Amino acid sequence: ATKEIAKRYGGLENLGEKLMQAENFEMALDEIVWLITLLANQSVLIDNRLKGEKRKLLTEEDVELLTSPLELATYKDAIMEAMFKGTKRNIESEDENSKNEVVE
Numbered sequence: 754a755t756k757e758i759a760k761r762y763g764g765l766e767n768l769g770e771k772l773m774q775a776e777n778f779e780m781a782l783d784e785i786v787w788l789i790t791l792l793a794n795q796s797v798l799i800d801n802r803l804k805g806e807k808r809k810l811l812t813e814e815d816v817e818l819l820t821s822p823l824e825l826a827t828y829k830d831a832i833m834e835a836m837f838k839g840t841k842r843n844i845e846s847e848d849e850n851s852k853n854e855v856v857e
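This note's numbering applies: residue 754 is where the sequence shown begins, and numbers increase by one.
Hints in this document: simulated from the structure, not taken from any laboratory.
Everything numeric in this text was worked out from a predicted model, so none of it was measured.
Hints may contain errors.
Derived Cβ-Cβ restraints for the label pairs, each shown as a range [unchecked claim]:
1) E766 / L818: 30 to 38 Å
2) G764 / I799: 31 to 39 Å
3) K807 / D830: 17 to 25 Å
4) D830 / G805: 31 to 39 Å
5) E766 / K807: 29 to 37 Å
6) L818 / G763: 24 to 32 Å
7) N801 / F778: 30 to 38 Å
Yeah, the Cβ is synthetic: ideal placement off N, Cα and C, and Gly gets one too.
With the hints as constraints, model all of the structure from the sequences given.
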């Protein structure tokens, strides 16, 4: 999925920008539907590989039919929150003395 996102947006950081800057609601919904379809199909592909089955992949039309615009707006918020949490970094500095301390 990461490669497909990179192809479409140039990277995960650009996906976030695209979702935040969607010119209109319809365009934002299209992007969310595409992303949900991609991620849902990852599970289908993994299941097919592990179990040797050939379950049909979801289409964007399937996802649109199975969700409401209100749900998609909620998913957009959840995706953005997950992306922000995933890229958040807590950096802790070591005490400088401990790194260069002389041991006897």
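Which of the listed hints are not met by the structure?
-> Going through the list in order, the structure violates hints 2, 3 and respects the others.
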